[in-house]
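Engineer: Protein chains in written order, with this note's numbering: chain D, 5 to 524; chain L, 5 to 524.
Hints were generated in silico from the structure; no laboratory data involved.
Mixed in with the good hints, there may be bad ones.
Which copy is meant is left open, because identical chains are indistinguishable; a pair holds if it fits in one copy or across any two.
To be verified - In silico EDC-like cross-links for lysine to aspartate or glutamate, where the CA-CA straight-line distance does not exceed 20 Å:
(1) K200 <-> E59
(2) K433 <-> E250
(3) K467 <-> E341
(4) K365 <-> E509
(5) K467 <-> E486
(6) K433 <-> D214
(7) K467 <-> E514
(8) K467 <-> E384
Protein chains: 2
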Amino acid sequence: MRQYEMYELTFKGAEPEGSFAEAAPDAVFRCNGEEKAVKGFYAGNGVYKVRFLPEQAGSYSWKVTGMVEQEGTAICESAAAAPDGGPAAAGMGRGVVRAEGMSFRYEDGAWFYPFGTTVYALIHQEDRLAAETMASLKSAPFNKVRFCVFPKHYDFNHNEPPYYAFEKREDGSWDVNRPCCAFWERLEEILVQLGKIGIQADLILFHPYDRWGFASMSQEDNLIYLDYLLRRLAAYPNVWWSLANEYDLCTAKSIRDWEEIEDFVAENDPYRHLLSNHNCFQNWDFTRPNVTHACIQSRALNRVSDWRRRYQKPVVVDECCYEGNIRHIWGSISGREMTNRFWRVVTMGGYCTHGETLLEKDASREEVLWWSKGGRLKGESPARIAFLRKIVEELPGPIEPVDSWIVKILRMSGEEKEQLSRQAEPFVKAMLRLGDEMAEFADGEFVCQGHCGEEAYLTFYDKRTCGEDVLELPEAHSYRVELIDTWGMNRTVLLEKASGRTELELPGREGMAVLAVKTE
Amino acid sequence: MRQYEMYELTFKGAEPEGSFAEAAPDAVFRCNGEEKAVKGFYAGNGVYKVRFLPEQAGSYSWKVTGMVEQEGTAICESAAAAPDGGPAAAGMGRGVVRAEGMSFRYEDGAWFYPFGTTVYALIHQEDRLAAETMASLKSAPFNKVRFCVFPKHYDFNHNEPPYYAFEKREDGSWDVNRPCCAFWERLEEILVQLGKIGIQADLILFHPYDRWGFASMSQEDNLIYLDYLLRRLAAYPNVWWSLANEYDLCTAKSIRDWEEIEDFVAENDPYRHLLSNHNCFQNWDFTRPNVTHACIQSRALNRVSDWRRRYQKPVVVDECCYEGNIRHIWGSISGREMTNRFWRVVTMGGYCTHGETLLEKDASREEVLWWSKGGRLKGESPARIAFLRKIVEELPGPIEPVDSWIVKILRMSGEEKEQLSRQAEPFVKAMLRLGDEMAEFADGEFVCQGHCGEEAYLTFYDKRTCGEDVLELPEAHSYRVELIDTWGMNRTVLLEKASGRTELELPGREGMAVLAVKTE
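Let's have the full structure, built from the sequences with the hints guiding it.
Structural biologist: Here it is, written out as structure tokens:
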């Protein structure tokens, strides 16, 4: 047993008499006077398993009752004792990622800044292709992958998957009481492989793009499926629960159904993994207590700091269009634009997710688009996202947005505005006259500027081509100021000891960024 | 006398005893039983002038009374009788531009599509520089220039102008009763020069960037100034009245003052030239009856079709940032971005205005930025704007926006939505559930697509890099479909006889546009 790693107990027993899915041995793990109850599952062929994720090192005793009866002990090694430090560096053995404020942290305290990608039908491809995807991910800049439990039926996605989550009844309908072990083992194998390369699995539990019937199961069946899934998968440290891809397109489910699903997942996950729900049109209500972070599909990226304020949770823009060349509006932005969107979101204190829909016109090749099937990454953005990720991970902590003065005023109470108008200069006074149209005005005004306390300041100039700028740095400290070419991936030191009001000479090209880091 | 051209009568008389500005001979012009009353002005040195803009050809009689007493006749030639057709092609001799629906038309019926630029302090520079500006305009793609009556005090604008609109009193204050003739003659010379090269003068009557006191004159003085200006300038066919640049930053004027100014200008202009008011933050209320078109400063260009709907008047985005490299956020977009903004606005059925704030770092050169002083155009956008203008002017009429389905739904009444939800497919049904967040969603969703009835369809792909698309053309007609490279300024015929649902193969680069024009 090792801290922050899934621990599995295996038992032989009798085949369940009724539902295979609902056969759930009870288990209790005790360590240092604390006790944790978990449930096992039936793994087929007369085998029962109990999985447990030890969150602290020490001496454990365990007891299993119900379908199988057994007890034992185990010594749990501390994650810190990793011999070579390798796995920890790659994100392994750091425990579950949790929200803290508007950011994320591993259980061991290290910050986790999501740089996600999307491979919806990752687990529904043939072995050769799945292996190619995993190899691509190994050298890609992504530390989170969104993918679906259920197969996907959509443009460029018409293949049958190797396995389905359940067996079929004789009438052809899905029997959620008979999980298909080969399917679940394959999914788990992929979770393990992702974990080994430091990637979080943002697992999508339902989605609307379906020709098999998974999207229209009864709510009773939905909960049986989720109960089984949680007993099998919750002990993997690197899973997140994404209730849906585009919950609002799942017409078989009402909002009440989604709320029940949300409650069920939260209550039946002993480790309280990250949990959110992804929209097509309307954001899920991320203020709900079970929801750990905002998971948003949107192209209105100027809203990132509004969303932070509204939800007071980490904001992940999990879909902002994909680098691609297909006809859909969401699948045809350039690599440069994808890169810009990452920079915009990140400098406003959010996290962004990549996807790629590049279709090769060579008819001899299959239509394998990364966004759903995986395979090779062909786009221009991943190298730039890697470059950004390195910069972000070198910062002393998460980025908070620096709001423009107009956004600050927009957020003032009537009383604060009143007070300001008494002392303000004409420019601000004029702005204070604005009513509802202020929000409209602010729409065009967002700045992409973030900071880590007084430790670092990061500005993305985006489309701006200014040849000079002024940085307002604290007087009390000294900063190294670097010019960053976000597309060319170069960094140049502009000033070594900047402090206070700092004039910058800039090259006046699109895609510039400036980073100031405190040196003393 | 020539139709659509300013006709001037000059009289010697006694110097006015009181205000020079208010000395206003009355005049009446009669033609074909119609009568038009106008007022003259005192031009200095014992000279009175009466200016008249004949809007129809024919035999006129006129009578002047008041400061001078005289009458006479004149034959007004028809504009259509222009011997070489040259001036008409250049926009000369076509009469006043007026709003029609959400577009503009010359009085002779020809469409006028504004492609504006901005040279705020055009008339406040030395002769050499003003001449250079006029030479630049001659070969530039612009048919409208925004400039101020009063000089401008701002960054890069600290020179004293050659003349001011009024003489000073002994105490140093401006005496609006004593117009400075040299100033007004110079302004008129520029109006005439602009007219000769087919350029409309979007004359800015007030603005806040002032160190001389013009922005803080009493309202009484404001109206004396306007009265004089209208009697002098209203007979020039190519003037538009822009009440202000950034009215909402003019802290000396209340909204009530602006309304009075607006009424005054409208009532005292015998020709009812185009009239609007330009904002910094909050749009002027363009629904007011005197206002002929929306004149907007904004960067939220996705709102163009909303503004059309809200105001039901032509929408001119008269400030959307400038191609430049200065530190201000509004003065540092790339030429490429300026080009894109023109395409966005134009394909959504609006009109866009250029400006340039490129600062040459060569210290040996003066700081002459086009946006305020004129001089040479240095940017990359004018050539592309010329290319766009040619395309637009070849269209059979003004562009109406094609709204995306989401915008269409957004604008439905509750009843219409109810009706649609009964028959709609899941995708649309889900969207219909959206409340307030729908507008937020739509923000990221705008399409840049316009059409001229069934005659032509123009789509700007902007950041989209799709390798294919589908055009839904009417079945009944046949269209030539061209691919346009908006930056490279190339046009390639993709299809000669397209009709109905048309599949397009596209190069998948940023900045593509597609134009389909009916050929039979």
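Engineer: Within, between, both or neither: how does the pair K467, E384 come out at a Cα-Cα threshold of 20 Å?
Structural biologist: both (18 Å within a copy, 15 Å between copies)
Engineer: With 20 Å as the alpha-carbon cut-off, assign the pair K433 and E250 to within, between, both or neither.
Structural biologist: between (43 Å within a copy, 13 Å between copies)
Engineer: Please sort K467 with E486 into within, between, both or neither, judging by C-alpha distance up to 20 Å.
Structural biologist: within (19 Å within a copy, 28 Å between copies)
Engineer: If the cut is 20 Å between Cα atoms, do K433 and D214 qualify within a copy, between copies, both or neither?
Structural biologist: Intra 55 Å, inter 17 Å, cutoff 20 Å: inter-copy only.
Engineer: With identical chains treated as interchangeable, where does the CA-CA distance between K467 and E341 reach 20 Å or less: within a copy, between copies, both, or neither?
Structural biologist: both (10 Å within a copy, 7 Å between copies)
Engineer: As a check of your reading, is K365 near E509 (CA-CA no more than 20 Å) within one copy, between copies, both or neither?
Structural biologist: between (44 Å within a copy, 11 Å between copies)
Engineer: For K467 vs E514, is the C-alpha pair at or below 20 Å within one copy, between two copies, both, or neither?
Structural biologist: Cα proximity of K467 and E514: in one copy and across copies (5 Å, 14 Å).
Engineer: Are the CA atoms of K200 and E59 at most 20 Å apart within a copy, between copies, both, or neither?
Structural biologist: within (18 Å within a copy, 82 Å between copies)
The earlier numbered hints are all upheld by this structure, with none contradicted.
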